[in-house]
Structure formats: structure tokens, C-alpha cells
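Keeping their order, the protein sequence lines are chains A and B. In this text, residue positions in the first sequence follow the numbering used here: the first is 1, and each later residue adds one. In this text, residue positions in the second sequence follow the numbering used here: the first is 1, and each later residue adds one.
Since the hints were derived computationally from the structure, they do not count as laboratory data. Do not rely on the hints blindly, as some may be mistaken.
Heads up, simulated EDC-like pairs for lysine to aspartate or glutamate below, C-alpha to C-alpha not over 20 Å straight-line [as the list claims (entries may be wrong)]: (1) K302(B) / D250(B); (2) K438(B) / E357(B); (3) K302(B) / E265(B); (4) K302(B) / E248(B); (5) K233(B) / E56(A); (6) K310(B) / E336(B); (7) K339(B) / E248(B); (8) K334(B) / E316(B); (9) K30(A) / D188(B); (10) K318(B) / D250(B); (11) K30(A) / E265(B); (12) K334(B) / D219(B); (13) K227(B) / E246(B); (14) K302(B) / D219(B); (15) K338(B) / D219(B); (16) K302(B) / E170(B); (17) K318(B) / E56(A); (18) K227(B) / E56(A); (19) K31(A) / D188(B); (20) K334(B) / D250(B); (21) K30(A) / D379(B); (22) K31(A) / D379(B); (23) K339(B) / E170(B); (24) K233(B) / D320(B).
Ranges between beta-carbon positions, derived for each pair [to be verified]: (25) V232(B) / R54(A): 15 to 23 Å; (26) L58(A) / N303(B): 27 to 35 Å; (27) Q57(A) / R299(B): 34 to 42 Å.
Predicted model, so just to flag it, every value in this text is computed and none were measured. All residues carry an ideal CB built from backbone N, CA and C; glycine is no exception.
Here's the letter readout for the chains.
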Amino acid sequence: MDQLFLIIAIAYGVIMGIGTALAITGIILKKSNKHGDSKGDLFDFNGTQVHYIRREQL
Amino acid sequence: MICKCPQCDGALEYSPVSDMMECPFCGSSYDMMQIMAVQNQYDHRNGNVYTPYGAENSNTNTSAGNNSYQAVNNNIYGGGWESNPYAQRMEDPNEGLHTLDQPDEIAKEVEEKIHDVAVETSETMEGNIYTCTSCGAELFINGVETATYCAYCGQPTVVFSRVSEELRPERIIPFSIQKEQAVAVIRDKLSHGFFVPKAIRNFEVERVRGIYIPYFLFDAHYYDYQKLRGVVKYEGSSRNESFIREAECDFRNLTCDASKMLNDETSQRLEPYDLNGLRPFEIGYLSGFYADRYDMNERTLKNVVRVRCKELFDNEMKMDTMAENVRILSSQPKFELKKAQYVLLPAWFMTFRYKNEPYTILVNGQTAKVVGAVPFAKDKLAAVFVAIAVVATLLFSFLGMILFNQYVDMDGRLLVMAVMGIITVYSTGIASFASVMKNIKLTKAKKTASFVKERQDET
Chain A
1 MDQLFLIIAI
11 AYGVIMGIGT
21 ALAITGIILK
31 KSNKHGDSKG
41 DLFDFNGTQV
51 HYIRREQL
Chain B
1 MICKCPQCDG
11 ALEYSPVSDM
21 MECPFCGSSY
31 DMMQIMAVQN
41 QYDHRNGNVY
51 TPYGAENSNT
61 NTSAGNNSYQ
71 AVNNNIYGGG
81 WESNPYAQRM
91 EDPNEGLHTL
101 DQPDEIAKEV
111 EEKIHDVAVE
121 TSETMEGNIY
131 TCTSCGAELF
141 INGVETATYC
151 AYCGQPTVVF
161 SRVSEELRPE
171 RIIPFSIQKE
181 QAVAVIRDKL
191 SHGFFVPKAI
201 RNFEVERVRG
211 IYIPYFLFDA
221 HYYDYQKLRG
231 VVKYEGSSRN
241 ESFIREAECD
251 FRNLTCDASK
261 MLNDETSQRL
271 EPYDLNGLRP
281 FEIGYLSGFY
291 ADRYDMNERT
301 LKNVVRVRCK
311 ELFDNEMKMD
321 TMAENVRILS
331 SQPKFELKKA
341 QYVLLPAWFM
351 TFRYKNEPYT
361 ILVNGQTAKV
371 VGAVPFAKDK
381 LAAVFVAIAV
391 VATLLFSFLG
401 MILFNQYVDM
411 DGRLLVMAVM
421 GIITVYSTGI
431 ASFASVMKNI
441 KLTKAKKTAS
451 FVKERQDET
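Make a model of the complete structure from these sequences and hints.
Have a look at this one:
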């Protein structure tokens, strides 16, 4: 039984270890590569107002 | 056409810093309006018609008795015909050809020359051949370009025939970011990248080009009556609710790039441009930069504009419901395109090669926004990945042994937590990598690379 727990714990550790490494390196890579990630917001400079005719909640 | 310095005859270039036409050779600077006024005066006197040879010839004839006027015009226009045989003959008073007694012969010669050029063009390749007004060299320019550097003498040349009345942009945002500033912004971005390869950090400055991108500014009206459904959270509980939204919107100056060579995703990322900076188009703004003529007209772009309006409109409707996971169940959109305006907007393009793959980073020529991603050093990434994986595996194995031993009779909550942890780390990692890969793919976009390469090869 103890051996089974040990195996489960190590398997969990390996899965989480790889996952954590994937997440951390991914985040670092994304931050270091964040060049113009987002599309420009058209409303930043050229404001366009939406005129509502009806707003209903059913 | 080439704008020449009245002081030293060098080619004038538009300076984003001083907002003047500057001579890189003698340091003189001139107001744009001043230079353009002389050009307009010249155009007016010559019937406002540009031909590669003919216009200058007629100018020589008409201005024979006005030396000062001719001197100014020569500074602006003169370089080209000084070096072509027709102009030299016209300029030499001893040959008698500068008088008006043989206009038909001159016109015939000019027409023949133009015809020769036209035939040569149609037979060899699709495109146009133009004459450098500075050194007389003939250039091949691809079908969408309106200005380029001369491949032989390196002078910035503006080709009038590509900026004819029907193609002439209505307005332009001139460059406000200098080449040096664009380089500094890119260097700054690259220096902060932990995984950026060293080879890329020291990129060649010569690979930076200022290009005016053709855009259409659209005014459009959008109306829709929508039924929506979303999840509303209230005091800890959530329920599905339905909404009705009826609204209309007048979109003004909706930007849409009109170049097939540049993909829409890239050009949209370059935005926003502050359209308050738009000015009436003057040919002088193109001096020292490249420009592309639009190859997608307003009819072709109508559907693109409609999709963009719909996207923006729908987002606004969804946000207005204040609900989550909002879906549009039905809609009755009405779209009307009201006005289209052809403009040129500035961008700096920096291209580099890494492992035989071309990459392009763009900088908004007005706001200095950087668009594009750079490849990463795979060996460095692998080393960091392995190091983190080893440490994390040890930690989580240790944690697992403690927890699983303590909760032998676990009721399933621990299992759920463990699975949730796994899902969280993997989804975070995959999402981050996917975002980076998408960016890199965009930067590697062959269209963008070829868009710039054609211009870089010419210098």
C-alpha cells in the first residue's frame, strides 16, 4: 500500500513538475515576447458612440 | 520627381523631427508649403501634366526669359532631365532646340520614348519602368509601389505617374518617429527578452525601412436588433437570462489597410493611429520613405469593413448586458458604407533573418507601438524548462507523499484538487506557448517579409 502511494505521489510530482515548467517558461516567454500583442483599440483615438434605441432584459 | 535643395542640389528628405524638408548634405531645411508652392507654380505653368520627359522640356522653353524661376525649378525638378539626352539637347541654346519652332518634332520624340518604355514593360514583366530624375537610371518598381529609392544613385525618388489624380491619397499622417527612435524602441524591446537569441539583439540598422501603408478610412452606419442570452451572477447564484438590444452606430474613420501584401492581422495590430494627425497629402512627405499604392479598392474592402463593424458592434452589445458567456441568438443587421477616403499611414519595418527564416518587426511611425515577436533561443529555453521541471517534480512528489499518506481515506476532494492543479498548470503553459507561437508566425508571415524585402533589395 505504501509503495502504491509512493508511486502515485511520484507520478503526480512528475506530471505537476512538467506542467509547472511548461507554465513558468510559457509565461516568461510570453512576457519577453510581448510586442504589440493586442490589436489596436479603434476607440482609443477615434471615439465612436453607439446610440441605443432599446435595452430590454427579459 | 525629386525635391532638390536650392543651396547644394542635394535631394531633400522629409524630417519627422523638424516637420521640414531637410537636406542631408548641407543641413538646410525648408518648409513643406514653401517647397510645394514652388512645385505647384511649376505645375500650373506647365499645364499640370507630368511626363517623364515632356514636362521639363516645355518648362525650359517657357522659362527661357526668366532665369531665376528656372533656377528654382531646376533645383526641384531639374536632376532628371539634366542627365537624359532629350533634356540636354533642350538645355543647350546653341542647338536651337529650346525655341518653340519645332514643337511637333520634340513631342514626337518624347512620345516615341514613352512608347518604347511601355512596350519594354509589357513584354518583359508585369510592372513599370521609371526613370530616376536624379541620375537618369531606369528602375523596375513592382505594381503597388508609389515611391522608392533609386537603386543606382540611392536618391529618394518620388514617381509622379504613380501618384496621379485618381490614385493620389487624400490625406497622410507623416512620420513623427525617426529611424533612430524606431531602432531604439526595437532594441529596447529585444534587450528585455530573456530568451531572445544574441544574434538578433545586434540586428543591422540598415534593415530598417520607413514605409507608408495605404489605408482606407471608412464612414459606415451599422444598425442591429439582437436577442442575446447570457449568464447573470446574483448573490452567489447564477442564472441564464435573455436580453434584447436595438442600437445603431455611425462609425467614423474606420481604418482598413488596402495592401494585399500586408496581412490584416499585422496592420490591425499596428493601430491605433491618431487620425487627428492627418494632413492634406503633399508629395514631399514621401521623400526619404517608401510608399505603396493601394491594390484593394473600397468595393473589395466593403466586406472587410462590414465584418469589422459587426465585430465591434457585437462586442459593445455583449458588454452592455453585463452578463457572462453572452451568445447572440438572433440579429437583423443593416450595414451601409457612407464614405471612403484614401490615406497613407506611416510604419517602420525591421527585417532580419534567423536560421534562414525572415522575421519582420513593425513600429507604428506615429505612436512607436511595436508589433511582432522574435524567435527564442531553443537551447536556453530547454535548459530553463528542465531545471524548473526537476525542482518542481521533487517538490510536488514530496508534497504528494505527505498529502496522500495523510488522506488515505480521502473523500475525493483531494483528488479533485490534484486534477484541478494539473489542468491549471497545463492550460496556462499551453495558452502562453500558443500565444507566442501565433505571434512568431505572424512575424514570420511571408507576405510581410516579401513586402519589405522587395524594398530592401532595391537599395
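Please work out if K302(B) and E248(B) have their alpha carbons no farther apart than 20 Å.
18 Å, holds
Would you check the hint for K30(A) and E265(B), treating anything up to 20 Å between C-alpha atoms as holding?
18 Å, holds
Checking one constraint from the list: CA of K302(B) to CA of D219(B), max 20 Å. Satisfied?
11 Å, holds
What's the verdict on K233(B) and D320(B), does the C-alpha distance respect the 20 Å limit or exceed it?
Within the cut-off at roughly 15 Å; holds.
Hint check: K302(B) vs E170(B), CA-CA at most 20 Å. Holds or violated?
19 Å, holds
Mind checking the hinted window 34 to 42 Å against the Cβ distance between Q57(A) and R299(B)?
For Q57(A) and R299(B) the Cβ distance comes to about 40 Å; the hint holds.
Does 15 to 23 Å hold as the CB distance between V232(B) and R54(A), or does it fail?
19 Å, holds
Next pair to validate is K310(B) with E336(B); report whether the Cα-Cα distance is within 20 Å.
OK: K310(B) and E336(B) at ~12 Å, within 20 Å.
Within 20 Å, alpha carbon to alpha carbon, are K30(A) and D379(B)?
17 Å, holds
Would the pair K30(A) and D188(B) pass a check requiring their Cα atoms to be no farther apart than 20 Å?
16 Å, holds
So the hint says 27 to 35 Å: do the beta-carbon atoms of L58(A) and N303(B) match that?
33 Å, holds
Proposed proximity, E56(A) with K233(B) (alpha carbon, max 20 Å)
17 Å, holds
Checked against the numbered hints given earlier, the structure satisfies every one of them.
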